Amino acid sequence: MTAQRHAEIFALVQNNIYEVLPDVEGREIKPGDRLTDLGANSVDRAEIVMLAMEALSLHIQRVELSGVKNVGELVDALYAKSHGQ
Amino acid sequence: MLSVGIEAMNVFGGSAFLDVMQLISHRRLDSARFENLLMRQKAVALPCEDPVTFGVNAAKPIVDALPEAEKDRIELLITCTESGIDFGKSLSTYVHHYLGLSRNCRLLEIKNACYSGTAGFQMAVNFVLSQASPGAKALVVTTDISRFTVVEGGDALTEDWSFAEPSSGAGATAMLISDTPHIFQVDVGANGYYGHEVMDTCRPTAESEAGDADLSLMSYLDCCEQTFLEYQRRVADVDYRDSFQYLAFHTPFGGMVKGAHRTMMRKTTKSRREDIEADFERRVSPGLRYCQRTGNIMGGTVFLSLAGTIDNARFDTAQRIGVFSYGSGCCSEFYSGVATPDGQRRLRAMEISRHLDDRHSLSIEEYERLLTGKGAVAFGTRNWKLDESHVPGQVQASGPKGRLILERIHEFHREYRWN
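Chains A and B are the protein sequences, given in the same order. Under the working numbering, the first residue of the first sequence carries the number 1, and numbering increases by one thereafter. Under the working numbering, the first residue of the second sequence carries the number 86, and numbering increases by one thereafter.
Simulated from the structure, these hints should not be mistaken for lab results. Just so you know, not all the hints are guaranteed correct.
Non-contacting residues of chain A with respect to chain B, defined by C-beta distances greater than 10 Å in every case (computed) [to be verified]:
id : residue
1  : I9
2  : N15
3  : I29
4  : P31
5  : L58
6  : G72
7  : Y79
Derived SDA-like pairs: lysine to any residue, alpha-carbon spacing no greater than 20 Å straight-line [what the hints assert, rightly or not]:
id : chain 1 : residue 1 : chain 2 : residue 2
8  : B       : K355      : A       : M53
9  : B       : K352      : A       : S57
10 : B       : K352      : A       : E54
11 : B       : K352      : A       : L12
12 : B       : K156      : B       : K196
13 : A       : K81       : A       : N16
14 : A       : K69       : B       : D472
15 : B       : K355      : A       : K81
16 : B       : K355      : A       : A55
17 : B       : K352      : A       : I60
18 : B       : K355      : A       : L56
19 : B       : K352      : A       : Q61
20 : B       : K355      : A       : K30
21 : B       : K355      : A       : S57
22 : B       : K352      : A       : N16
23 : B       : K355      : A       : E28
24 : B       : K352      : A       : H59
25 : B       : K352      : A       : A55
26 : A       : K30       : A       : D44
27 : B       : K355      : A       : K69
28 : B       : K352      : A       : M53
29 : B       : K352      : A       : E28
30 : B       : K196      : B       : C287
31 : A       : K81       : A       : Q61
32 : A       : K69       : B       : V283
33 : B       : K352      : A       : L51
34 : B       : K352      : A       : L56
35 : A       : K69       : A       : E28
36 : B       : K196      : B       : R113
These numbers were taken from a predicted model, which means no experiment stands behind them. Virtual Cβ for every residue (Gly too), placed ideally from N, Cα, C.
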């Protein structure tokens with residue numbers, strides 16, 4: 001269940017990346033990928049994070065999710081926050 | 086009820102600027118990533134310019150236009166800055182001297198990163214509202230010069246701090262606050278403020294800045310939302326789309342404002358993407374006009390956006406403008422006011438656009454020479470004399486007259502002259 005939920009959040013983030021960065025659509029996103037390397041500037045990165053927060057109905061301060069280094073860490077952080085950790 | 090707000094306003098965007106795309110290509114930065122950030126030009130301070138000259142040059146036309154009796158009613162002068170030149174002595178003392186203001190005037194300096202301008206503005210508004218000295222005016226001067234060199238060492242600074250150089254500018258705004266608010270009448274009590282401790286950007290040493298671009302943007306967006314929610318709690322029947330004909334944002338760079346506006350529209354109005362884009366063009370883009378000519382001028386950026394809105398948007402009738410101010414560290418505020426066709430006419434008489442056009446366009450070589458700091462004044466300089474060979478030749482030859490420049494420092498005391 002936990003692994004499945006984690007995978008769902010990963011898929012959600014991947015879709016958000018495709019939406020904000022149409023150039024990488026269809027490309028496989030790996031946990032170690034950095035949003036910057038995928039072509040995201042700081043505004044794009046904030047938007048990707050925000051779309052995920054909205055989809056997960058996460059009502060937290062965005063600043064709590066800063067400091068993540070790659071997609072995998074972002075998913076971990078979203079998972080932790082959406083499970084009240 | 087007493088009306089209050091901006092009676093007169095002016096902007097000083099420096100004597101020289103650099104084309105940002107030229108800088109990006111020179112630094113071999115990925116130009117595709119910069120295209121959506123809506124940066125155009127950045128104002129660059131010359132060795133003969135400092136926060137005092139910027140502030141005075143912004144305020145001088147306002148003060149000169151006042152009859153002597155009214156000039157003497159300026160009883161509060163606040164300089165708003167994160168570019169202070171002394172830990173104790175306030176910039177306002179120099180500004181006061183070179184503007185020739187009355188000595189029966191409070192002089193002080195306010196710091197809170199890019200929120201400083203709003204902090205000074207609100208304090209001035211409340212000074213007028215208090216009626217402790219009926220008829221008195223306040224002069225608020227925001228003035229900042231960037232120091233974008235990244236502090237070396239440490240790993241928390243993201244590589245996107247490279248945004249700092251292209252986006253940071255220099256500039257000053259001056260506002261006369263009184264009970265005759267020709268330019269912008271404040272909606273009294275309509276303020277949503279929000280602040281908390283966060284280490285997003287800072288100036289930890291005398292000559293440089295540091296920051297985390299992602300954290301700063303996240304904090305800006307959080308505050309954009311929280312200040313509006315607080316505003317909404319205090320003001321009846323407020324709607325993000327319909328209550329404000331225009332929006333003026335603190336503008337570190339245009340792309341950030343565009344992202345913030347998109348977020349706010351999606352959250353508060355559930356608008357579709359195309360509608361949001363059209364709304365941005367209509368309500369927000371007039372405010373970006375001048376900000377794109379200077380880069381981030383920090384304490385005054387939000388007022389540069391306000392001036393851009395009043396100068397460039399349509400004012401066939403009175404229009405309400407929503408204003409969002411953010412300063413790292415952080416403190417933020419959403420407030421509003423009304424501008425009229427008469428206010429637009431008065432502000433246009435300042436010819437802000439023409440002054441920006443008249444600046445010297447720096448070549449990369451000239452810019453790099455300025456960057457090496459040759460001839461520039463470092464914080465804590467005890468004695469110094471302007472070497473005019475360090476000022477680009479064209480600026481000297483064709484520079485506008487009647488502007489204040491820094492000429493000498495003698496035992497820490499700065500000495501200026503009118504060019």
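Okay, the hints, checked on the actual structure:
{"no.": "1", "hint": "I9", "in the structure": "holds, 19 Å"}
{"no.": "2", "hint": "N15", "in the structure": "holds, 16 Å"}
{"no.": "3", "hint": "I29", "in the structure": "holds, 18 Å"}
{"no.": "4", "hint": "P31", "in the structure": "holds, 18 Å"}
{"no.": "5", "hint": "L58", "in the structure": "holds, 13 Å"}
{"no.": "6", "hint": "G72", "in the structure": "holds, 16 Å"}
{"no.": "7", "hint": "Y79", "in the structure": "holds, 18 Å"}
{"no.": "8", "hint": "K355(B) x M53(A)", "in the structure": "holds, 16 Å"}
{"no.": "9", "hint": "K352(B) x S57(A)", "in the structure": "holds, 12 Å"}
{"no.": "10", "hint": "K352(B) x E54(A)", "in the structure": "holds, 9 Å"}
{"no.": "11", "hint": "K352(B) x L12(A)", "in the structure": "holds, 19 Å"}
{"no.": "12", "hint": "K156(B) x K196(B)", "in the structure": "violated, 26 Å"}
{"no.": "13", "hint": "K81(A) x N16(A)", "in the structure": "holds, 18 Å"}
{"no.": "14", "hint": "K69(A) x D472(B)", "in the structure": "violated, 47 Å"}
{"no.": "15", "hint": "K355(B) x K81(A)", "in the structure": "violated, 24 Å"}
{"no.": "16", "hint": "K355(B) x A55(A)", "in the structure": "holds, 14 Å"}
{"no.": "17", "hint": "K352(B) x I60(A)", "in the structure": "holds, 14 Å"}
{"no.": "18", "hint": "K355(B) x L56(A)", "in the structure": "holds, 17 Å"}
{"no.": "19", "hint": "K352(B) x Q61(A)", "in the structure": "holds, 14 Å"}
{"no.": "20", "hint": "K355(B) x K30(A)", "in the structure": "violated, 31 Å"}
{"no.": "21", "hint": "K355(B) x S57(A)", "in the structure": "holds, 15 Å"}
{"no.": "22", "hint": "K352(B) x N16(A)", "in the structure": "holds, 17 Å"}
{"no.": "23", "hint": "K355(B) x E28(A)", "in the structure": "violated, 30 Å"}
{"no.": "24", "hint": "K352(B) x H59(A)", "in the structure": "holds, 12 Å"}
{"no.": "25", "hint": "K352(B) x A55(A)", "in the structure": "holds, 12 Å"}
{"no.": "26", "hint": "K30(A) x D44(A)", "in the structure": "holds, 18 Å"}
{"no.": "27", "hint": "K355(B) x K69(A)", "in the structure": "violated, 31 Å"}
{"no.": "28", "hint": "K352(B) x M53(A)", "in the structure": "holds, 12 Å"}
{"no.": "29", "hint": "K352(B) x E28(A)", "in the structure": "violated, 30 Å"}
{"no.": "30", "hint": "K196(B) x C287(B)", "in the structure": "holds, 12 Å"}
{"no.": "31", "hint": "K81(A) x Q61(A)", "in the structure": "holds, 11 Å"}
{"no.": "32", "hint": "K69(A) x V283(B)", "in the structure": "holds, 19 Å"}
{"no.": "33", "hint": "K352(B) x L51(A)", "in the structure": "holds, 11 Å"}
{"no.": "34", "hint": "K352(B) x L56(A)", "in the structure": "holds, 14 Å"}
{"no.": "35", "hint": "K69(A) x E28(A)", "in the structure": "holds, 18 Å"}
{"no.": "36", "hint": "K196(B) x R113(B)", "in the structure": "violated, 35 Å"}
Violated hints, in rising order: 12, 14, 15, 20, 23, 27, 29, 36; the structure is consistent with all others.
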